[in-house]
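Colleague: Each chain, letter by letter, is given below.
There are 2 protein chains.
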Amino acid sequence: MQRVDPSPSLFADLYQLTMAQALWQSGTTAKATFSLYFREHLPGRAFYVFAGLHEALEHLQRFSFETRDIEYLGSTGLFDSEFMDYLLSLRFTGRVRAMPEGAIVFAGEPVIEVSAPMIEAQIPETFLVNSVNANTLLASKAARIVHAAHGRNVYDFAARRTHGLDAADIFARVSYMVGFDGTSNLTAGARHGIPVVGTMAHSFVSAFEDETDAYRAYARSFPAASTLLVDTYDTLNGTLRAIQVAREMRAAGHELNAIRLDSGNLAELSMECRALLNRNGFGGVRILASGALDEYSIEELLRVCAPIDGFGVGTKAGVSHDAPWADSVYKVVAYDGRPVMKLSDRKETMPGSKQVYRYLSRSYRPLRDVMAAAGEARPAVCARPMLTEVMRNGEITVDLPDLGELKSRFAAEFAKLDMRYKKLHNPDAYEVAISDDLSGLHAGTAARLRRRSGASIGESLPERA
Amino acid sequence: MQRVDPSPSLFADLYQLTMAQALWQSGTTAKATFSLYFREHLPGRAFYVFAGLHEALEHLQRFSFETRDIEYLGSTGLFDSEFMDYLLSLRFTGRVRAMPEGAIVFAGEPVIEVSAPMIEAQIPETFLVNSVNANTLLASKAARIVHAAHGRNVYDFAARRTHGLDAADIFARVSYMVGFDGTSNLTAGARHGIPVVGTMAHSFVSAFEDETDAYRAYARSFPAASTLLVDTYDTLNGTLRAIQVAREMRAAGHELNAIRLDSGNLAELSMECRALLNRNGFGGVRILASGALDEYSIEELLRVCAPIDGFGVGTKAGVSHDAPWADSVYKVVAYDGRPVMKLSDRKETMPGSKQVYRYLSRSYRPLRDVMAAAGEARPAVCARPMLTEVMRNGEITVDLPDLGELKSRFAAEFAKLDMRYKKLHNPDAYEVAISDDLSGLHAGTAARLRRRSGASIGESLPERA
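As they're listed, the protein sequences go chains U and W.
Here the numbering used here is used: the first sequence runs in plain steps of one and ends on residue 449.
Here the numbering used here is used: the second sequence runs in plain steps of one and ends on residue 449.
Just chain U, with the same shape it has in the complex:
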């Protein structure tokens, strides 16, 4: 097989293409509806922050195989040449309904519904699931950290720890969307317009024979934006040296911005450093902390009132360390007008196109969601339909809000979500009910499929026929 660098449309499992050929050759090409959703909540969590919609829509809108993709597929020996000609002309022409980027969503609820000719809807599965899964997983983790930080600044320092460069970009973007204040990641800063932040590394301090000289050199280069890392040798001594340099800066008309702690007992050290800074007239110098922080350690630090003004989170946050995967799936729910579902053990799907209604209180706080069949009448009371059309005939039909707007929207929506669903430990489950119509459809479809597939091994056994 030849080696090529394929187009983004070829980011797919092989079976997407083999199934496509079998569908095409058997004429199984009617319209299908697929639903992308998260089967369950992550352990100890009660909501997801849906993200990745924009990437998904752009993928669908641009979907097109290149000649080099087809040549590679040809080299596998699996594909028919007429089918490969068909692939070369294939575009996504379907309709997409989706929740908004940044929406707070719950397990089982469709976040994206794709309706298109079967093959067009099937092939993008691998990309859509990867992208929505990674974005949502990392956004959900970051939202917990923002919640735990109670208004202190939080910065993305994860660029070296994420699983590859894409993930670093995703984490920087979605963490900013859910409330982080900036990122250390220059690539993400450049691409998305996120404020970039930074301090210094231990290697910088080590390159100078004297720690104080290292601080002086940095302060000379960045008199208005210096954060000095004080733990290379000894945190308290480092802080004293930082104070000395802060005095020199002040004499020259500048103020030291912050010091950073990166090891040891951050609660105790931050209190000692705060006291040293205050006693020496540097009450305005901020204290930043880093070092494998997550929502749990931040909660602990704030519980004991550690005087930390900002947290740099990387290692654990950037991989969602306590929940690094989510069971997101993309399942066909209707084919050629008939509702379909799988009955697999513990993996049953809910048939048919759907709407999710979010019931809101008088102050617009989410009370509960109801999953309904798409055609049902809208509830009489105040309930927001969460899925709206975002693509028609393969073209995006809405203005996708920019990152700044998404950030404001998320802050407003997250503030409305009751605290009991946001608790870091044992949050309450948010109620997601199923409408009577949808329950009926589910029962009817399951019964029909069980009849057809044979209720037990005793029925219509081919080998005993």
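Just so you know, not all the hints are guaranteed correct.
Given that identical chains are not distinguished, each listed pair holds provided it fits within a single copy or across any two copies.
[Said to hold, decoys possible] Straight line, CA to CA, 35 Å or less: simulated DSBU-like cross-link-like pairs of lysine-lysine: (1) 400 / 331; (2) 406 / 331; (3) 391 / 406; (4) 331 / 15; (5) 391 / 407; (6) 331 / 407.
It should be emphasised that the hints constitute simulated quantities derived from the structure, not laboratory data.
Got chain U sorted already, so can you dock chain W onto it with the hints?
Modeller: For chain W alone, coordinates are given in the frame of chain U:
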């Protein structure tokens, strides 16, 4: 700040560039040596599989900022224009010594040592750590799965679950290197020449009113390469229908390749399906299993002799679910000819350029490693020096083996590693000793730095001076 899509060289934390400016402006530009290593083993594990070297070397060889990168940096308002001119001409001109790609390595051992003018060595840190960390983490996970599968086929099905598309590519490549038999990921197959494999999805079955018709359609399109997914409705009934189609295929001169189980009790179902297949004359039809498998569940399945011929692993493997992050670091160990180290609480570094000697038994089995100072005499007994020069004056000096060669090498090396280090639970710790010379250097450097930085808060306190 403007938005641009920057060059790969700008994948860096902001502080790499601010430190560079302070180093440049203060004339702190002598040669430095940095060491990339893993601080500790992952929980319950005794070795790493080092991967990502080739990507790292290619990054260094191509390192160069583009005008759009510099314009973006300029837009942050942090950088001096003379310094930005310098950045535009900056290339990596240093020397790199490294362990081979695919080497089995242990915590604390340098896997890459970079010696270059300070700024050139510092800026690539973020990229090098991200890349080596992600590659090594995923390779190490995949090697455990290969070990657990005891010669059964293992396939990468992780494309939809990794954190972004890069990670899917990395997992496909490194899992193949350590012994997987193929990947479902077409992009990775196309780029790296990895065999691509695939079955079918539940959606394919659902698109047909009758499960048997779905199997027939697939078998007609792929008479020589059909794997039928049997659990959409009921696994045993699905298997009977697959047998019926296998009979039809045989009548037409073809053989069904395999069935796939994706839910339920895989041990029991595989035995029942195996019996059904055998009883009907299809002893040659293989059974594949998938569904959140990892080394632990594979070990359990094989312990009870589940007749599974191949495992498709995705969700948990592709994110290294039980150890999604590793503490890899890139630390300066020498600057301008003097050894340096940090003394931070629990994050001490080992100073100076190093060599790692791997002592081998008469049958070339690794016995123990010794970390030595780079200049020490080579041991008299059979000990392989693990770090060799791979780049000089910024140019790669060795032929980087292709993936097929890496795969064979890894298989040979992994077979030599004693079973007690490979156990999935409570493996023995492999001995990594420190040479006397290196111990002496460490003690001397620590003492010198402690004296300089002040042994305690009571000494040379600036505010009490």
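Colleague: Would you mind marking each hint as holding or not holding in the structure?
Modeller: Hint by hint, here is what the structure shows:
1. In this homomeric assembly, residue 400 and residue 331 come within 35 Å of each other (Cα to Cα) only inside a single copy, at 32 Å, whereas the closest approach across copies is 42 Å.
2. Taking the shortest alpha-carbon separations for residue 406 and residue 331, both the intra-copy value of 27 Å and the inter-copy value of 34 Å come in at or below 35 Å.
3. Taking the shortest Cα distances, residue 391 and residue 406 sit within 35 Å of each other inside one copy (18 Å), while across copies they are farther apart (46 Å).
4. With identical chains, the CA atoms of residue 331 and residue 15 are at most 35 Å apart within one copy only, with a shortest distance of 24 Å there and 58 Å across copies.
5. In the homo-oligomer, the alpha carbons of residue 391 and residue 407 lie at most 35 Å apart inside one protomer (21 Å), although the nearest pairing across protomers, at 47 Å, exceeds that limit.
6. For the identical chains of this complex, residue 331 and residue 407 are neighbours both inside a copy (28 Å) and across copies (32 Å), given an alpha-carbon limit of 35 Å.
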